[in-house]
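Protein chains: 2
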Amino acid sequence: MSELPQDLYGQIDPPQRLLMGPGPVNAHPRVLRAMSADLLGQFDPEMTDYMNQVMALYRPVFGTANHWTMLVDGTARAGIEAALVSLIQSGEMALVVNFGRFGLLLQEILTRIGARYETIDAPWGEVVPMEAIAEAARRLQPRLICTVHGDTSTTMAQPLNGIGAIAREVGALVYVDATATIGGMEIASDRWGVDVVTGGLQKCLGGPSGSSPITLSDAAAALILGRRHVEKGIARDDIEDGHGAMIGSNYFDLAMVMDYWSPKRLNHHTEATTMLYGARECARIALGEGLAARFARHAAAGRAMTAGLRAMGLTVFGDDAHRMTNVTGVWIPQGVDGERIRLMMREAFEIEIGTAFGPLQGRIWRLGAMGYNAMKHKVLITLSALEACLKAEGFRPPLGEAVPAAMAAWEMQA
Amino acid sequence: MSELPQDLYGQIDPPQRLLMGPGPVNAHPRVLRAMSADLLGQFDPEMTDYMNQVMALYRPVFGTANHWTMLVDGTARAGIEAALVSLIQSGEMALVVNFGRFGLLLQEILTRIGARYETIDAPWGEVVPMEAIAEAARRLQPRLICTVHGDTSTTMAQPLNGIGAIAREVGALVYVDATATIGGMEIASDRWGVDVVTGGLQKCLGGPSGSSPITLSDAAAALILGRRHVEKGIARDDIEDGHGAMIGSNYFDLAMVMDYWSPKRLNHHTEATTMLYGARECARIALGEGLAARFARHAAAGRAMTAGLRAMGLTVFGDDAHRMTNVTGVWIPQGVDGERIRLMMREAFEIEIGTAFGPLQGRIWRLGAMGYNAMKHKVLITLSALEACLKAEGFRPPLGEAVPAAMAAWEMQA
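Which chain is which? The protein sequence lines are Y and E, in order. Add 10 to the 1-based position in the first sequence for this note's numbering, that's all there is to it. Add 10 to the 1-based position in the second sequence for this note's numbering, that's all there is to it.
A couple of the hints might just be wrong.
Note: identical chains are not told apart, hence a pair may lie in one copy or across any two.
Taking lysine to any residue pairs in the SDA-like style, the calculated list, with each CA pair at most 25 Å apart, reads [as the list claims (entries may be wrong)]:
(1) LYS401 to LEU235
(2) LYS242 to SER100
(3) LYS242 to THR129
(4) LYS274 to GLY236
(5) LYS401 to ASP54
(6) LYS388 to PRO70
(7) LYS274 to ALA331
(8) LYS388 to PRO133
(9) LYS274 to GLN423
(10) LYS401 to THR58
(11) LYS401 to PRO24
(12) LYS388 to GLU299
(13) LYS274 to GLU145
FYI, nobody ran anything at the bench for these hints, they're computed from the structure.
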């Protein structure tokens, strides 16, 4: 312990920073307060009631009547892996709709599972046409079609209307990673006809990272329960194993997670109670606001951010028709050092804006306005600060134009 | 949304229940307060400072100088799977020291990885002699020796002094699941000579489930970095892939988790900020109290609980010489319905005590006194309540004997 300071680094005391990047964003204070409630035993009736409430609260958030709607205990990426490892097995074929970094992540996880896959790609900044997905699905006859809904790496949102019909035609299921859009753009699981959708709290739901809401269609649940292999230590006569291949992960075995979230309450992990309290409050806030109002608020914030950036003389990245409402990419102007601007934004204004990945690293910034931060004043503050920083770094933006343009765009009908 | 109540189930408001089972237990209020701090961007300098502080704070908690000491974002079981999937691969041989349900869990995870294993077993209620481990290791020549430290299913703590020397003799690494003992009994990673140890917050560290501290020896880190395969979406010229087999999980790929916790800050998951704040405060509380004082407090609580139960005429479960200090098993007396007692404890006294698993289900209760609940008054309250419930259910305990016996045992030198 000799290297530790006497005060053990002191009480937690982060700066009050406005997080206007691609996420995480500032959590809604109600979420953080809910997380300070004392714990319960994992099988106490009040705890299992809270679990059932979470199931009910997340169904409308996912736009579904699916019974199996619950949480995976881990970050959004945990939900993605739980979905994939439970849905597909070594040697089976998947089709990946790929238009950004998180499409690459889907491929990466499929590789580790030992699944085969082909991709149908769009250049970064575009989405994949539904006819191209249909054509690839018919040719490939995959077991699973996987796609991201909104990929923050490119700020694009893939249209998903009709994907379920294509999947049913070829006998596939559909998995959707909605981490970056859930709670901010409409997730219409049932209308899209998709089978498994996962999310995270740390973007449009305005909570901390660490819990991944998930919903499963009856078809997905049947497939997964067919792969059920209950642990030896907790096997019971009334729970039968399935005939399918054992799922490659214990922690991400959704059959066991379902048994834990069912009246059987079969012990698996110890539910992350505090994160569940937070996830519950995120959904209560979203439904209390009203989902339609919430989507409109995110759309207004996206319009305002985009209009403000353009009024500053900047070029917004990517295809206008398919932009996510909650995160906006913008080209770093020639001659400007993107990291110096980000540093000044943080040090002078306590505002975080995002850098980028892969082919866009150092070329675009990503500005988010999501969840608790999808508010007019936060968009205006961010634009004002960015204007000042650009000016300080020698770029000559039209001065004083961004704020009125953003205000007008906020009020505009979508 | 038609089925949701208008108040969306209302604010979170759990009963103030005393959790005296095998965990989770009530969180220390300082931990819950720390978790209400606002979020930071995951690469903000204050956030990466907090990550570095967590590394430094958990080294003494693990009894190690290991550089690689960090968090896995998930429950304790996530840490176990991350360790195993990163350390061993399909076809390789492991030796499992098995003396309870969590030894079965290790086998279960190894099976899913495709590893081969043999077990060296003790009956539930005993531990495995070190000579038997040595003999099995010499015969089997495993790549990995896996053991639980304290298995709450049997309340036994496996002695681990000497296991590292055995492993080095046969060229194996050692993995230890210390979920149930970390922060309550000594974890001497370096003195034991073990390579990877994982824990959880929800037992003796007095925090919520959802974050798994982990430490890796240099040898373990070298093995794991030899299996590094960086995701396509974030590959960088300065980070080389290893020649070893790809780790079967992306989320649990400790090579990528290490790159995220290193100055490279290679993006993997989005760190569960609020859980990290909680984990940080758990360690600050443990180190602020002093680890030796904390272990003595848990030992006093265990002595007091055991003495009180015996003074009530009950028979304590398992081998006295290897009992965990923080959880005590006790036989349910003949003619008493264990679940009716647990119900009355909860409904009349708002106290939770634990049931049991597998061969002990319905036969023993498990009473914990860990973390924030390893306190004299909480042990005395629990014993008094249990005495009243046993009397109400027709069992005739010697009345008024448990509390003085527990008080005397609390004061006794270990």
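Hint check:
1. LYS401 to LEU235: neither (59 Å within a copy, 44 Å between copies)
2. LYS242 to SER100: both (24 Å within a copy, 21 Å between copies)
3. LYS242 to THR129: between (38 Å within a copy, 14 Å between copies)
4. LYS274 to GLY236: Close inside one copy (17 Å), not across copies (42 Å); limit 25 Å.
5. LYS401 to ASP54: The answer is between: 24 Å across copies meets 25 Å, while 59 Å in one copy does not.
6. LYS388 to PRO70: neither (27 Å within a copy, 42 Å between copies)
7. LYS274 to ALA331: Neither, since 47 Å and 36 Å both go past 25 Å.
8. LYS388 to PRO133: neither (31 Å within a copy, 62 Å between copies)
9. LYS274 to GLN423: neither (49 Å within a copy, 44 Å between copies)
10. LYS401 to THR58: Intra 55 Å, inter 29 Å, cutoff 25 Å: neither.
11. LYS401 to PRO24: neither (29 Å within a copy, 52 Å between copies)
12. LYS388 to GLU299: For LYS388 and GLU299, the Cα distance is within 25 Å only inside one copy (18 Å; across copies 42 Å).
13. LYS274 to GLU145: neither (43 Å within a copy, 41 Å between copies)
Checked against the numbered hints given earlier, the structure breaks hints 1, 6, 7, 8, 9, 10, 11 and 13 and satisfies all the rest.
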